[in-house]
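Construct the complete structure from the given sequences, taking the supplied hints into account.
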Amino acid sequence: MLSSAPTKLISDDGRRADGRRLDQLREIKMEVSTLKNADGSACVAYGKTRVMVAVYGPRELHPKHLALPDRAILRCRYHMAPFSVEVRKSPAPSRREIELSKVIREALEPAVFTELYPRTSIDVFIEVLQADGSTRCASITAASLALADAGVAMRDLVAAVAVGKVEGKLVLDVMDVEDKYGEADLPVAMMPSKKAVTLIQMDGQLTFEEFKEAFNLAVKGCNQIYDFQKEALRRHFAPKIEELEGGMSSG
Amino acid sequence: MPVFFSQRQFVVPGELLAEGNYMAGSNVYRVGNKFFSSSVGLAELKDRTVTVIALSGCYIPRPADLVIGEIVEVSMASWMVDINSPYQAILFASEFLSKPLNPLKEDPRRYLDVGDMVIAKVLNFDRTKNPSLTAKEKGLGKITKGIVVEIDVTKIPRVIGRRGSMVSMLKKETGCEIIVGQNGRIWISGKTREDEMIVMEAIKKIEREAHTSGLTDRVRELILKMKKSQGG
Numbered sequence: 005m006l007s008s009a010p011t012k013l014i015s016d017d018g019r020r021a022d023g024r025r026l027d028q029l030r031e032i033k034m035e036v037s038t039l040k041n042a043d044g045s046a047c048v049a050y051g052k053t054r055v056m057v058a059v060y061g062p063r064e065l066h067p068k069h070l071a072l073p074d075r076a077i078l079r080c081r082y083h084m085a086p087f088s089v090e091v092r093k094s095p096a097p098s099r100r101e102i103e104l105s106k107v108i109r110e111a112l113e114p115a116v117f118t119e120l121y122p123r124t125s126i127d128v129f130i131e132v133l134q135a136d137g138s139t140r141c142a143s144i145t146a147a148s149l150a151l152a153d154a155g156v157a158m159r160d161l162v163a164a165v166a167v168g169k170v171e172g173k174l175v176l177d178v179m180d181v182e183d184k185y186g187e188a189d190l191p192v193a194m195m196p197s198k199k200a201v202t203l204i205q206m207d208g209q210l211t212f213e214e215f216k217e218a219f220n221l222a223v224k225g226c227n228q229i230y231d232f233q234k235e236a237l238r239r240h241f242a243p244k245i246e247e248l249e250g251g252m253s254s255g
Numbered sequence: 353m354p355v356f357f358s359q360r361q362f363v364v365p366g367e368l369l370a371e372g373n374y375m376a377g378s379n380v381y382r383v384g385n386k387f388f389s390s391s392v393g394l395a396e397l398k399d400r401t402v403t404v405i406a407l408s409g410c411y412i413p414r415p416a417d418l419v420i421g422e423i424v425e426v427s428m429a430s431w432m433v434d435i436n437s438p439y440q441a442i443l444f445a446s447e448f449l450s451k452p453l454n455p456l457k458e459d460p461r462r463y464l465d466v467g468d469m470v471i472a473k474v475l476n477f478d479r480t481k482n483p484s485l486t487a488k489e490k491g492l493g494k495i496t497k498g499i500v501v502e503i504d505v506t507k508i509p510r511v512i513g514r515r516g517s518m519v520s521m522l523k524k525e526t527g528c529e530i531i532v533g534q535n536g537r538i539w540i541s542g543k544t545r546e547d548e549m550i551v552m553e554a555i556k557k558i559e560r561e562a563h564t565s566g567l568t569d570r571v572r573e574l575i576l577k578m579k580k581s582q583g584g
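Going down the list, the protein sequences come from chains A and B. For the first sequence, the positions run 5 to 255 when our numbering is used. For the second sequence, the positions run 353 to 584 when our numbering is used.
In case anyone wonders, no lab produced these hints; they're calculated from the structure. Quick reminder that beta carbons are idealized off the backbone N, C-alpha and C, glycines included. Fair warning: there could be bad hints in the mix.
[As the list claims (entries may be wrong)] With a Cα cut of at most 16 Å, we get these calculated EDC-like pairs of lysine to aspartate or glutamate:
#1 K198/A x E371/B
#2 K577/B x E546/B
#3 K481/B x E119/A
#4 K473/B x E447/B
#5 K173/A x D27/A
#6 K579/B x D547/B
#7 K481/B x D74/A
#8 K40/A x E559/B
#9 K494/B x E422/B
#10 K481/B x E64/A
#11 K556/B x E489/B
#12 K523/B x D569/B
#13 K523/B x D547/B
#14 K524/B x E447/B
#15 K507/B x E559/B
#16 K386/B x E371/B
#17 K40/A x D504/B
#18 K524/B x D547/B
[To be verified] Covered stretches of chain B (chain A as the covering partner; in silico rule of three or more C-beta atoms under 8 Å from a C-beta of chain A):
#19 358 to 369
#20 382 to 396
#21 432 to 443
#22 446 to 452
Written out as structure tokens, the structure is:
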């Protein structure tokens, strides 16, 4: 890891600090149902950024007075492990984590059919194991996978990716150095098959033209992430397909 | 009016399933005249109804479902029952006893206490209030013998098998009584505890290997093997 500002984040031949092209994602890894005791869980890695998500619910809500008569409440906890960053982070929830928990919850809520589970709660626990930029995007991606794994009814999966502006150029899937020393950062979460954005934030400055271009790049990235998500679910559940077909022949 | 899947195709939430004059079954939602999956599962089209057979999820009570519950709370003339669902069920004394219960003279704990298990049927449930149960029909009531095992709710159809083939095989091979609750709990009662253990092992195997074909035969093999080792 670099401790001081790197001299150049994008080389003359258009390569980024880790050798990626400008519109290239990091290596994406996804795995579903990684935790035995959770109703749904997922592990997602965007390069060195790694998050683990556990979903519990829909379950009876305690304390009961928080329950809504017409829908479930979605509760989110985004937390960074003390060892996830270079300098030990206090395990107590920081202002930033509380804010991100809210932001992530609001990015997931439009996708979940909360009205199907009135008076219950759906709890999402997000643990960042290793942080190298775009943790909120990886968290949203992983949380929607875990929700699907738990069997919670959803309109669509939510895929998220961040676009940044580094040395005047737009880059896809921002990593830590680019976030720190870049000019802008634009995380976008969307329901790709609904073409609906559920989260968009911007840090730094972009011209309107740059913003449009950055947004289109983010949409492209989300669609790629979406394909990985579908693939991860298929990999986990594929053997079960045989279950029902096998049941037809052997029964 | 196109359909965008082949029968029993694997789908994920948000996948477009069909467009046109169809009806939305379970785990399917419609927007305009488009139908999408809302769950991970297998898509199916039957009589113009598009459904998705979910591969994961919790138990949501439906009227007339047979369930196995555990008493968690005793009130004046009713019991609260955990039925392995986000919603706790209520069992009124009038739906359990054949005569009225006078709470001034009798303690409801005489009949059912916390920790007791009951086999019951869901009377009604509309999600605005908790489901209510009845245990008055034949075969329902307090569990006094046997064991209860709990498995994944989505694997219950596999334990029942096609037209009950799996469960009737289990009954025939072991001579145990078996009642499969829709909420993922299965009651087993045999002549000996050993017989019950055989069924329990078999059910665990079904849950574990739910994804393989020819399971009925392999479960039968397992039962025969276990019976033999017990006899010897």
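So, going through the hints one by one against the coordinates:
no.: 1; hint: K198/A x E371/B; verdict: holds (15 Å)
no.: 2; hint: K577/B x E546/B; verdict: holds (13 Å)
no.: 3; hint: K481/B x E119/A; verdict: holds (14 Å)
no.: 4; hint: K473/B x E447/B; verdict: holds (10 Å)
no.: 5; hint: K173/A x D27/A; verdict: holds (10 Å)
no.: 6; hint: K579/B x D547/B; verdict: holds (8 Å)
no.: 7; hint: K481/B x D74/A; verdict: holds (11 Å)
no.: 8; hint: K40/A x E559/B; verdict: holds (14 Å)
no.: 9; hint: K494/B x E422/B; verdict: holds (10 Å)
no.: 10; hint: K481/B x E64/A; verdict: holds (13 Å)
no.: 11; hint: K556/B x E489/B; verdict: violated (29 Å)
no.: 12; hint: K523/B x D569/B; verdict: holds (14 Å)
no.: 13; hint: K523/B x D547/B; verdict: holds (10 Å)
no.: 14; hint: K524/B x E447/B; verdict: violated (32 Å)
no.: 15; hint: K507/B x E559/B; verdict: holds (6 Å)
no.: 16; hint: K386/B x E371/B; verdict: holds (4 Å)
no.: 17; hint: K40/A x D504/B; verdict: holds (12 Å)
no.: 18; hint: K524/B x D547/B; verdict: holds (12 Å)
no.: 19; hint: 358 to 369; verdict: holds (count 7)
no.: 20; hint: 382 to 396; verdict: holds (count 5)
no.: 21; hint: 432 to 443; verdict: holds (count 3)
no.: 22; hint: 446 to 452; verdict: violated (count 0)
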